[in-house]
Amino acid sequence: MAADAVAAILLAGVSLYAILAGADFGGGLWDLLAGTTRRGRAARSLIDESITPVWEANHVWLVLVLVIFWTAFPDAFAPVRSVAAVPLWLAVGGIVLRGAGFAFRKEVTRLSQQRLAGATFAFSSLLTPFFLGTVIGAIATGHVPADGTRASLSAWTSATSLLLGFLFVAACGYLAAVYLVGEADRRGEPQLRDYFTRRAQVSAVVAGALSIATLVELHSSNRVLEDRLVGRAVPLVVLAAVCGLAVLALLSTGRRNGVRLIAALGVAAVIWGWGVAQYPTLLPGTTVTVSDAGAPHATLVALIVLFAVVVGLVGPAFILLFTLQSHRVLVQPSEFSTPPGEPGG
Amino acid sequence: MTAFQTVSLWAAPATGGDVVPARAQMATTLGFHIILACLGIAFPTFVLLAEYIGLRRGNEVAMTLARRWSQALGVLVAVGAVTGTVLSFELGLLWPGLMHRYGAVLGLPFGVEGLFFFLEAVFTAIYLYGWGRLRSWAHFWSGVPIAISGVFGAMSVIAVNSWMNQPGGFTEVDGRITSVNPWQVYFNHAAFYEMPHMILAAYMVSGFLVAGVYATGILRGRRNRYHYAGFALGFVPAAILTPFQIFVGDTAARAIAQDQPVKFATMEYVPQTSTHVPEWLAGVYVNGHVYGGIKIPDLDSLLVGFSPNTKVIGWDSVPAAQRPPAAWLIHLCFDVMVGLGSLLLLVGLWAVYTWWRKRKLPPQRLFWLLGAVSGLAAIVAMEAGWVVTELGRQPWVVYQLQTTADAATKNGGVLTTLTLIIIGYAVLGVATIAVLRMLSARWRRGDADQADVPYGPTPEAPASGETRVGV
Ligand code: HDD
Ligand code: HEM
Ligand code: HEM
Numbered sequence: 001m002a003a004d005a006v007a008a009i010l011l012a013g014v015s016l017y018a019i020l021a022g023a024d025f026g027g028g029l030w031d032l033l034a035g036t037t038r039r040g041r042a043a044r045s046l047i048d049e050s051i052t053p054v055w056e057a058n059h060v061w062l063v064l065v066l067v068i069f070w071t072a073f074p075d076a077f078a079p080v081r082s083v084a085a086v087p088l089w090l091a092v093g094g095i096v097l098r099g100a101g102f103a104f105r106k107e108v109t110r111l112s113q114q115r116l117a118g119a120t121f122a123f124s125s126l127l128t129p130f131f132l133g134t135v136i137g138a139i140a141t142g143h144v145p146a147d148g149t150r151a152s153l154s155a156w157t158s159a160t161s162l163l164l165g166f167l168f169v170a171a172c173g174y175l176a177a178v179y180l181v182g183e184a185d186r187r188g189e190p191q192l193r194d195y196f197t198r199r200a201q202v203s204a205v206v207a208g209a210l211s212i213a214t215l216v217e218l219h220s221s222n223r224v225l226e227d228r229l230v231g232r233a234v235p236l237v238v239l240a241a242v243c244g245l246a247v248l249a250l251l252s253t254g255r256r257n258g259v260r261l262i263a264a265l266g267v268a269a270v271i272w273g274w275g276v277a278q279y280p281t282l283l284p285g286t287t288v289t290v291s292d293a294g295a296p297h298a299t300l301v302a303l304i305v306l307f308a309v310v311v312g313l314v315g316p317a318f319i320l321l322f323t324l325q326s327h328r329v330l331v332q333p334s335e336f337s338t339p340p341g342e343p344g345g
Numbered sequence: 001m002t003a004f005q006t007v008s009l010w011a012a013p014a015t016g017g018d019v020v021p022a023r024a025q026m027a028t029t030l031g032f033h034i035i036l037a038c039l040g041i042a043f044p045t046f047v048l049l050a051e052y053i054g055l056r057r058g059n060e061v062a063m064t065l066a067r068r069w070s071q072a073l074g075v076l077v078a079v080g081a082v083t084g085t086v087l088s089f090e091l092g093l094l095w096p097g098l099m100h101r102y103g104a105v106l107g108l109p110f111g112v113e114g115l116f117f118f119l120e121a122v123f124t125a126i127y128l129y130g131w132g133r134l135r136s137w138a139h140f141w142s143g144v145p146i147a148i149s150g151v152f153g154a155m156s157v158i159a160v161n162s163w164m165n166q167p168g169g170f171t172e173v174d175g176r177i178t179s180v181n182p183w184q185v186y187f188n189h190a191a192f193y194e195m196p197h198m199i200l201a202a203y204m205v206s207g208f209l210v211a212g213v214y215a216t217g218i219l220r221g222r223r224n225r226y227h228y229a230g231f232a233l234g235f236v237p238a239a240i241l242t243p244f245q246i247f248v249g250d251t252a253a254r255a256i257a258q259d260q261p262v263k264f265a266t267m268e269y270v271p272q273t274s275t276h277v278p279e280w281l282a283g284v285y286v287n288g289h290v291y292g293g294i295k296i297p298d299l300d301s302l303l304v305g306f307s308p309n310t311k312v313i314g315w316d317s318v319p320a321a322q323r324p325p326a327a328w329l330i331h332l333c334f335d336v337m338v339g340l341g342s343l344l345l346l347v348g349l350w351a352v353y354t355w356w357r358k359r360k361l362p363p364q365r366l367f368w369l370l371g372a373v374s375g376l377a378a379i380v381a382m383e384a385g386w387v388v389t390e391l392g393r394q395p396w397v398v399y400q401l402q403t404t405a406d407a408a409t410k411n412g413g414v415l416t417t418l419t420l421i422i423i424g425y426a427v428l429g430v431a432t433i434a435v436l437r438m439l440s441a442r443w444r445r446g447d448a449d450q451a452d453v454p455y456g457p458t459p460e461a462p463a464s465g466e467t468r469v470g471v
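If you read the sequences in order, they're chains P and V. Counting in my numbering, the first sequence runs from 1 upward without gaps. Counting in my numbering, the second sequence runs from 1 upward without gaps.
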């Protein structure tokens with residue numbers, strides 16, 4: 001029981017990380033594809049303004065997910081870490097480069113330095129989602145043995161893994177584009193709005209196609225999982241598909257109310273669908289299950305309490321942050337300038 | 001950081017496998033992260049102090065300092081966050097044995113840490129990007145949770161480290177954890193001194209670093225109110241905390257003499273258990289001889305039990321395989337920490353004395369030179385303290401329960417990641433310092449036209465309103 005609850009918490013954490021930080025990573029993708037300095041300027045500054053105040057807070061979900069994973073399910077964590085060491089190192093490399101590139105870009109002044117820092121940010125934004133995707137692929141296809149202690153190349157380079165890597169990148173781009181459509185709209189920038197609407201549509205189609213390809217590929221790489229995805233997890237899979245189509249439909253008819261929520265819901269449905277399909281196994285192909293992965297009862301209870309406290313304290317804090325952000329109260333400080341009509345410091 | 005790595009490589013016993021590079025990598029990444037962590041824990045308090053004075057007394061200079069510092073804080077916190085994330089990954093990637101066996105125990109304080117990271121990250125964003133947008137006191141109060149969660153976050157990480165020194169609060173049957181008492185894990189026997197010692201260290205590092213920046217400016221002839229205010233805002237709190245830090249350190253040493261006697265024996269060069277143990281200042285221990293040290297008879301016994309007849313346990317109480325490597329390094333690091341702590345105390349006393357006699361800071365160039373390097377001294381003291389703690393615990397990763405070799409990854413390839421990390425962190429460190437220097441150069445020029453948009457030509461009109469320049 002307690003273990004199931006913690007597994008649900010873990011999935012919730014993964015979903016929040018995917019939705020919130022995923023959009024930040026996707027911002028890097030669009031930054032990368034925004035073209036030359038002059039042409040990409042408007043898009044880049046919208047991306048920049050949207051990500052700046054929130055990326056660090058969003059990033060913490062990853063830290064929390066990691067901690068819950070190793071605390072609650074150490075028997076599953078240790079082999080994943082060993083077998084998928086290489087993509088995990090690459091993912092963490094992406095995190096470092098991206099965070100540093102992003103933070104530095106705002107403070108350096110010369111154009112060449114800004115370009116260097118910006119390119120680092122944009123390029124490394126692709127690394128983390130891609131390699132985390134391949135790690136999930138290694139787990140989902142049963143390439144992580146319970147006693148795995150050695151890094152394996154084949155574990156995370158199967159077709160399924162690579163597809164998942166690309167799917168993660170596409171999903172990040174999709175979330176970011178949908179989000180930026182709303183941002184551009186609220187700022188009354190119709191050109192940018194249309195710019196990101198096109199990108200949201202394209203990435204939705206790409207992500208959808210990759211999802212279907214992954215499902216087909218799972219047919220040979222993990223039959224059980226595939227059966228369950230179209231079996232007991234099918235409501236969630238359908239929900240995900242409906243959300244994706246709804247977003248496409250709404251965007252093309254120019255309605256933007258609630259689009260972000262629907263897009264987020266669609267991504268969450270995919271994650272929960274995977275969780276439901278795999279339950280109760282943690283590592284497919286092994287006997288490591290949710291209820292038997294090494295943590296004593298008291299640890300699980302403590303994690304549940306901790307999560308309740310996180311939700312109680314951090315939830316309101318996030319709401320405050322996002323509210324301030326969406327009212328454009330949070331802006332990059334420009335040292336001496338005071339916006340007219342506002343209480344100055 | 002390469003110094004750390006070389007040191008660890010030398011100091012390692014011949015265990016083979018990836019233990020040595022894994023330890024070197026852990027030491028490098030932690031040694032780097034801890035500096036940013038110190039600033040993440042304590043620097044917000046200094047920013048808030050400046051803002052408070054600015055708001056309370058309508059002090060424009062303090063207000064300018066607060067604004068500028070918070071801009072630097074933004075860079076530092078970002079680098080702190082990414083290097084911290086590397087550590088979270090490393091715990092699993094380098095020490096799967098540790099995480100597998102004790103993850104269910106260790107994870108709890110790390111989880112609590114996660115809670116405070118959230119609060120810290122959220123309020124840092126509000127504070128940094130709310131300047132000039134939030135009402136003045138609302139803005140001030142949005143920064144207070146950062147300072148508080150920094151301290152609690154530090155307590156949580158240190159809970160893990162102190163637990164590794166004094167594990168408790170769980171039962172283990174056949175290598176599996178069967179029950180856990182989270183409270184006893186968090187507040188273990190070493191936590192009561194490690195937590196305050198580290199938090200005070202963070203405040204000393206931040207305060208003296210701030211002071212050092214402005215002392216350097218003053219030495220270069222920038223003798224204005226701005227620089228004196230910046231110096232005082234960093235120096236005064238840090239100097240006030242120094243004696244408390246020494247007191248806590250002294251308590252820690254006595255606790256270690258009880259709880260981790262072999263570590264203590266190594267710190268103090270006590271080969272055989274005996275009474276009337278002398279204290280060695282500096283000196284290198286080789287094959288039973290201390291070269292180049294100053295010997296003070298009976299002092300070690302006196303320090304441990306307030307009497308020369310106090311028996312101090314020597315490292316011969318355990319077989320050689322259970323003693324930490326490189327006694328000389330642990331001893332010298334301990335002396336460096338204590339020595340620098342005492343020196344910082346003297347600098348503070350000097351300032352107090354002249355202030356008491358003449359109502360001003362000492363005019364001597366030496367004082368400002370010392371002030372300029374005080375931040376570096378605090379960093380060195382703190383890093384040295386960590387070497388004592390971590391190397392002194394060897395060969396154990398969890399004291400008397402699991403050896404470091406058992407915890408380490410068997411994956412191979414750590415030398416590769418170690419090399420990449422050293423290169424990467426060297427670049428990151430240089431870039432961070434370069435970016436901070438660019439910021440300060442820009443402040444000095446007093447120009448407000450900072451790059452508001454990613455690598456574009458400057459916009460036609462200033463992005464946000466009128467521009468006031470200078471103070
Ligand atoms: C500004 C930094 C700083 C200063 C001035 C001092 N220390 Fe320290 N010390 C640390 C920063 C530090 C540290 C880096 O923060 C450590 C490492 C682990 C810990 O909890 O604190 C540490 C550890 C540490 C330990 C080992 C704890 C362990 O192994 O668990 C002892 C015995 C002392 N210290 C004692 C002292 C004494 C007697 C000092 C008197 C001057 C002193 N420290 C000054
Ligand atoms: C909560 C905080 C910390 C945790 C959980 C932690 C954990 C570890 C672990 C697991 C190892 C490897 C095993 C070992 O050698 O014992 C290690 C080694 C090491 N850590 Fe820490 N550490 C912490 C804080 C720090 C900090 C802040 C420093 C700063 C310099 C540091 C310095 C070192 C060094 C020098 C080693 C290598 C020891 C050797 O070479 O034998 N540690 N630490
Ligand atoms: C093995 C040890 C450690 C791990 C796994 C670790 C992990 C992390 C992580 C994941 C972050 C980023 C959180 C975010 O995204 O904002 C972080 C930042 C931070 N860490 Fe560490 N850390 C370790 C050691 C330490 C130590 C020894 C201290 C201090 C005593 C410390 C204090 C901090 C603080 C205050 C921050 C937030 C401030 C900042 O970002 O600069 N950490 N750490």
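Check before you lean on any hint, since a few could be wrong.
[Stated by the list, open to error] Listed next, the stretches of chain P that the computed footprint assigns to chain V, with coverage defined by at least 3 CB atoms under 8 Å from CB atoms of chain V:
| hint | segment |
| --- | --- |
| 1 | 48-60 |
| 2 | 68-76 |
| 3 | 213-227 |
| 4 | 255-262 |
| 5 | 312-322 |
[As the list claims (entries may be wrong)] Only part of the chain P face toward chain V is listed, based on derived beta-carbon distances under 10 Å:
| hint | residue |
| --- | --- |
| 6 | Leu11 |
| 7 | Val80 |
| 8 | Val96 |
| 9 | Gly142 |
| 10 | Pro145 |
| 11 | Phe166 |
| 12 | Leu192 |
| 13 | Arg193 |
| 14 | Pro284 |
| 15 | His297 |
[As the list claims (entries may be wrong)] So these bits of chain V aren't anywhere near chain P, every CB distance computed over 10 Å:
| hint | residue |
| --- | --- |
| 16 | Ser88 |
| 17 | Gly103 |
| 18 | Glu113 |
| 19 | Asn411 |
Source of the hints: derived by calculation from the structure; they are not laboratory data. This structure is a prediction, so every number in the text was calculated from the model and none was measured. Backbone N, C-alpha and C define an ideal beta-carbon position, used for all residues, glycine too.
Going through the hints against the structure:
no. : hint    : verdict
1   : 48-60   : holds (count 8)
2   : 68-76   : holds (count 6)
3   : 213-227 : violated (count 0)
4   : 255-262 : violated (count 0)
5   : 312-322 : holds (count 6)
6   : Leu11   : 16 Å, violated
7   : Val80   : 8 Å, holds
8   : Val96   : 5 Å, holds
9   : Gly142  : 20 Å, violated
10  : Pro145  : 14 Å, violated
11  : Phe166  : 23 Å, violated
12  : Leu192  : 13 Å, violated
13  : Arg193  : 19 Å, violated
14  : Pro284  : 20 Å, violated
15  : His297  : 8 Å, holds
16  : Ser88   : 5 Å, violated
17  : Gly103  : 4 Å, violated
18  : Glu113  : 8 Å, violated
19  : Asn411  : 5 Å, violated
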